[in-house]
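Dock chain to chain to rebuild the complex, using the hints, since each chain is given by itself in its own frame.
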Amino acid sequence: MTRSFRKSQSTLHTWSGLLLGWVLFIIFVAGTAAYWRDTLNRWMRPETPRVEQPMQALQHAQHFLERKAPGAKAWFITMPTTETPGTFASWIPQPDPNAPKGKRPRRRRDTSVLIDATGTPVARDTRGGDFFYRFHFDLHYMPILWARWLVGVASMMMLVAILTGIVIHKKIFRDFFTLRRAKGQRSWLDGHNAAAVLGLPFHLMITYTGLVTLSAMLMPWAAIANYADRTKLYASIFPEAGDVIRVGHDAPLGDLSQFVRDGERRLGGPIGFIEVAEPGDAAARVIVTRASSAGLVTHGERIAYDGVTGRVTWRSPPPDGARTTYSAMIGVHAGRFGDTTLRWLYFLCGIGGTLMVASGLVLWTVKRREKLSDPTRPPFGFHVVERLNIAVIAGFPFGCAMFFWANRLLPLAMPMRGDREVAWLFMAWGLAVVLSLGLRPRHGWMKLLGGTAIALFALVAYDFVVMRPGLGQWILAGDWTLALVDGVLLVIAAALAWVAFRVRAHRNRPPRSARVRAHAVSPADEETVA
Amino acid sequence: MTIARNATNRTTAATWRRRGDATLRLLAAMPLGYAVASLVAMALARILPMPAATASMTATLVAFAICAGAAIWAYAASSGWRACWTLAAVGLVAGGIVWLSISAGGRL
Numbered sequence: 001m002t003r004s005f006r007k008s009q010s011t012l013h014t015w016s017g018l019l020l021g022w023v024l025f026i027i028f029v030a031g032t033a034a035y036w037r038d039t040l041n042r043w044m045r046p047e048t049p050r051v052e053q054p055m056q057a058l059q060h061a062q063h064f065l066e067r068k069a070p071g072a073k074a075w076f077i078t079m080p081t082t083e084t085p086g087t088f089a090s091w092i093p094q095p096d097p098n099a100p101k102g103k104r105p106r107r108r109r110d111t112s113v114l115i116d117a118t119g120t121p122v123a124r125d126t127r128g129g130d131f132f133y134r135f136h137f138d139l140h141y142m143p144i145l146w147a148r149w150l151v152g153v154a155s156m157m158m159l160v161a162i163l164t165g166i167v168i169h170k171k172i173f174r175d176f177f178t179l180r181r182a183k184g185q186r187s188w189l190d191g192h193n194a195a196a197v198l199g200l201p202f203h204l205m206i207t208y209t210g211l212v213t214l215s216a217m218l219m220p221w222a223a224i225a226n227y228a229d230r231t232k233l234y235a236s237i238f239p240e241a242g243d244v245i246r247v248g249h250d251a252p253l254g255d256l257s258q259f260v261r262d263g264e265r266r267l268g269g270p271i272g273f274i275e276v277a278e279p280g281d282a283a284a285r286v287i288v289t290r291a292s293s294a295g296l297v298t299h300g301e302r303i304a305y306d307g308v309t310g311r312v313t314w315r316s317p318p319p320d321g322a323r324t325t326y327s328a329m330i331g332v333h334a335g336r337f338g339d340t341t342l343r344w345l346y347f348l349c350g351i352g353g354t355l356m357v358a359s360g361l362v363l364w365t366v367k368r369r370e371k372l373s374d375p376t377r378p379p380f381g382f383h384v385v386e387r388l389n390i391a392v393i394a395g396f397p398f399g400c401a402m403f404f405w406a407n408r409l410l411p412l413a414m415p416m417r418g419d420r421e422v423a424w425l426f427m428a429w430g431l432a433v434v435l436s437l438g439l440r441p442r443h444g445w446m447k448l449l450g451g452t453a454i455a456l457f458a459l460v461a462y463d464f465v466v467m468r469p470g471l472g473q474w475i476l477a478g479d480w481t482l483a484l485v486d487g488v489l490l491v492i493a494a495a496l497a498w499v500a501f502r503v504r505a506h507r508n509r510p511p512r513s514a515r516v517r518a519h520a521v522s523p524a525d526e527e528t529v530a
Numbered sequence: 531m532t533i534a535r536n537a538t539n540r541t542t543a544a545t546w547r548r549r550g551d552a553t554l555r556l557l558a559a560m561p562l563g564y565a566v567a568s569l570v571a572m573a574l575a576r577i578l579p580m581p582a583a584t585a586s587m588t589a590t591l592v593a594f595a596i597c598a599g600a601a602i603w604a605y606a607a608s609s610g611w612r613a614c615w616t617l618a619a620v621g622l623v624a625g626g627i628v629w630l631s632i633s634a635g636g637r638l
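Just so you know, the sequences run in chain order S and X.
If you read the first sequence in this note's numbering, its first letter stands for residue 1, the second for the next number, and so on.
If you read the second sequence in this note's numbering, its first letter stands for residue 531, the second for the next number, and so on.
Just so you know, the hints here were simulated from the structure itself, not pulled from any lab data.
Don't take each hint at face value.
Taking CB as the label site, the calculated pair distances span [as the list claims (entries may be wrong)]:
#1 X:542 x S:153: 28 to 36 Å
#2 X:553 x S:144: 28 to 36 Å
#3 X:550 x S:205: 33 to 41 Å
#4 X:553 x S:409: 31 to 39 Å
#5 X:548 x S:384: 18 to 26 Å
#6 S:442 x X:626: 31 to 39 Å
#7 S:153 x X:618: 19 to 27 Å
#8 X:550 x S:377: 53 to 61 Å
#9 S:239 x X:630: 29 to 37 Å
#10 S:140 x X:548: 35 to 43 Å
#11 X:550 x S:440: 32 to 40 Å
#12 S:110 x X:626: 49 to 57 Å
#13 X:622 x S:324: 27 to 35 Å
#14 S:138 x X:622: 32 to 40 Å
Keep in mind it's a predicted model, so treat the numbers as computed, not measured.
All residues carry an ideal CB built from backbone N, CA and C; glycine is no exception.
With the rest of the complex left out, here is chain X (with noise of 0.2 Å):
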């Protein structure tokens, strides 16, 4: 009786586990790869040495690529965790460049 209480136990935690890590993957994969996308990109419009016009409009042009990339390496990645983790190191290492040289420079 125990045992088999403990086997159930046992395959209910390893589906949540797996639940849990599909479920993460599809987290880094669609709201936090768009937005690693997003800050990335802005990050490139800020520091590409081109006219302001020029740069905004490059880094729009590669943030698709961007995108797709974070989706694949949210599957690639050997865990949900860790999936979630380096994209958002990516966004906020991205987010800082973009705050300091607004917070330097301003915008138009």
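With the rest of the complex left out, here is chain S (with noise of 0.2 Å):
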């Protein structure tokens, strides 16, 4: 590898790191956070009984629907499992023939539900985990289209950001047991070097599966080259059961429950989806789908049942060798296939992810920052860049912060509640965007991070001392799945709380251009900085 060889790559890591560094910051946050999306899901509905009998809680959800949408056209249920708070159901109401043409179908939000084990709706609308595992890839407030496509080349980003990365690291192990603390800029790299090499097979498989999540979006030209018409293609990759038509005679849906175990026996682990078209009709029709936790690659392994009788109709036939590889792709991006032990292991991955998009963006300003000519006027760019890393770094976990605490604190009966939540997380990132732009930056990284800090440490006490049931309870019952939530809250608010007093502690330090020439790096190592 030539010197020049390297030093084209350290440019193209530079600015590829830099240019969507942000976008990527906040998809980093919020992927790591959904590898909790089932414990948030249960943690923001803090009053939910738990889930024992996911069977007994099935047929809860089965007497309800029959109640609340008998005779629809299908109904659309997730299979609840002791880690959810409930059961997950919504239906699609029999089109009506009166209906004017092209009106927009009725909002989700009526014909959805969460159903608890007991079998009633669950009281606090609120999006829960599923808001951050949606956000990692939609975003918000933009169309999904536009979101995804920023999110593809983000990542596509991030791909040549990690590849450059290890080309321009040259002594990847040396540097990986250095960490030279106080240093300024060399602190930083080092940081920087150690949060990248130690979880380098993590990132590069995630960011690589993750375009590939993407793929049918991003790339679709492999399939238009040998297909005319794509839907062909997908039809062979995800085989349909095809079209159930309405007989007009009623006759009783079978219990739930039974097809669910029938499917479990079939297809090898748990059944994670049932879909049932036209329920109380006699021609209805169940399909059951394997869970995504059943193992690393799953298809969506599916089976049809006649509704009435039983009798199985259908089976989706086995994947090819590429879709197999993509299935897994997808399977280890996701990581549903995990124990906890390997939960965990991922979420420590995300945050070491988290950290070296963010050591990297202040990274940028922290190598700048010594080489300005004039250090009271940096150029605009560097303003740019200085005002939106406080924006982004420590204003979006200000705001997820305050999407916690609008979930504690907004009334049950509010209508939208939900979508009031995540509008608390906007406005308050938006009051910190206001605040970067404000203070001078030592004070913008100071108050966020510090605001931060108290705000999780308020909202664990809170969770402890006012709410009912709450943090007390949860240990008490032995639920430590959610009390290792407020348990992960409290390290984070002390993490927060740990940068923000080392940064009111840099002031006391001599310039930091003095301290470089104290310093001096060797050629060699400059060489590495680029």
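As structure tokens, then:
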């Protein structure tokens, strides 16, 4: 590897990492939180009783749907587990032949519900952990298509940044064991390297497989090359059982838990999803889908049953090699197959990735500040990066903290409560952006990081002291999954407070230029920095 | 006076050359890199000895690596022009294969 090659890649690394680095940061934060999607779904509905018997919860859900949406066109039911707050269900009403053409379908909130373990709808309207999952690739307040392209382009730049990062990193192993503390740029570089190298296999895997999850949109060309009509390809990859024609005379639908038990036996693994077409009609059909928690490689294997007699009518064919690879890539990205230990590993790697992106963004300003000809008047671009760093790295976590607070404080009867919670996140984030523009950078960092830490400390205290059932009850009941959410928030709060104090202490040191001269970097080191 | 102006002109010329080079590399990395990756993926989907659905999916899975490789090459090449024409050449070859293959065999 020639020196010039490494130098050229250093330029590419810097700019591909910076340009959409802020988007990458929020993708990483949301994705990391989304590993606890089910857990957060429960934690954000604290009064919901725990699902002890999933099959029983499913039967309650079926009874609820039979009362609420009898004779619907279809029901969609997510199979409850002991880790979910209950049964998520939605339905499609029979199309109204008298309805004017082109009329928008009814709002989703009118046709979807979360049913708790006792069979009653959950009162607390919240997006819960699902918010982070969707935000991870759909963002918010923008058309989904734009958001996914933005996320896709950011991911591609991330992939380039990782590959070039490996190229410019000559002493990948020696540097990994080097952490020069309190030495300005060198410390930031060492921290960036440690976060990047420690999780390198994860970062590469998660970025590439992330691109694969969006591949049908980002890279449709290989499909277009072979198919004039791409629906044919998708029909061969994702085979469907076909449509159900309503016959018009009633017949009772079988017990859904029986279909689930049979499906689990035939497909080998838990069932994750149940689809009922024309419930209550003699032509009713039940399709059960294997859960993605069943294993690393799941293709959504499905079995269709006659909903009245229980006879098997269709089964999804086995996939080919490429489809298996694709499914494995999605599986390894989402980590749904993992047990609690693996989930923790995913979570820690996600935090590593978040720190890598954040430290890289900060490093850009740290490196340039030392070379500024007039430190009191930095160029415009420097200002933009410096302020955006504060607005996003310190501001977005503040928004998330306020999202959790909204979940605790907004009255349960409030209309559109779930949307209001999300609005709180963005209002708080907007406030953070204003603060990051208005305050001097050091104060911006300090106040936002410190404010987030205080908000999270207070939230844990609220969960323990005020909320019933709350943290104390979870610990007494041995519900460690929920108690650990507060535990993790406490650790995050402590970490943010520590950083805020470090920023505060920073002023009392001699000016940077003096220290840089004192610890002059050797030419060999300079080369890897570029 | 004249000397000074010449010097300024030379500096300006060098600045513009540098900016031009940077723009070409950016074009090579982003739109051209994606186009080349797409065309190579199309060519692979046509010529890989597998059933059509498998070949399309395999080509899609490797396309992102090609895209990243193209961006790396855009900055590794000795000049922006070189980055552009080499990538364009690869794209033309791949595009030619796709065109020949589709006119000969058609699509599903």
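Here is how each hint holds up against the structure:
1. The beta-carbon spacing between residue 542 of chain X and residue 153 of chain S, approximately 33 Å, falls within the hinted interval of 28 to 36 Å.
2. At about 32 Å, the CB distance of residue 553 of chain X to residue 144 of chain S agrees with the hint of 28 to 36 Å.
3. As the Cβ distance of residue 550 of chain X to residue 205 of chain S is approximately 38 Å, the hint placing it in 33 to 41 Å holds.
4. A C-beta distance of roughly 51 Å is found between residue 553 of chain X and residue 409 of chain S, which places it outside the suggested range of 31 to 39 Å.
5. With their beta carbons about 22 Å apart, residue 548 of chain X and residue 384 of chain S fall inside the hinted range of 18 to 26 Å.
6. In this structure the hint that residue 442 of chain S and residue 626 of chain X lie 31 to 39 Å apart at CB is violated, the actual value being about 58 Å.
7. The hinted range of 19 to 27 Å is satisfied by residue 153 of chain S and residue 618 of chain X, whose Cβ atoms lie roughly 21 Å apart.
8. Between residue 550 of chain X and residue 377 of chain S the CB atoms are about 29 Å apart, so this pair departs from the stated range of 53 to 61 Å.
9. A hinted range of 29 to 37 Å for the beta carbons of residue 239 of chain S and residue 630 of chain X is consistent with their spacing of about 32 Å.
10. As the Cβ distance of residue 140 of chain S to residue 548 of chain X is approximately 40 Å, the hint placing it in 35 to 43 Å holds.
11. Separated by about 39 Å at the C-beta atoms, residue 550 of chain X and residue 440 of chain S satisfy the suggested range of 32 to 40 Å.
12. Separation of residue 110 of chain S from residue 626 of chain X is about 54 Å and conforms to the stated range, judged on CB atoms against 49 to 57 Å.
13. Remark: the range hint 27 to 35 Å for residue 622 of chain X to residue 324 of chain S is upheld by a beta-carbon distance near 34 Å.
14. Against the hinted window of 32 to 40 Å, the Cβ-Cβ separation of residue 138 of chain S and residue 622 of chain X comes to about 37 Å, which satisfies the hint.
Of the numbered hints given earlier, the model fails hints 4, 6 and 8; all others are met.
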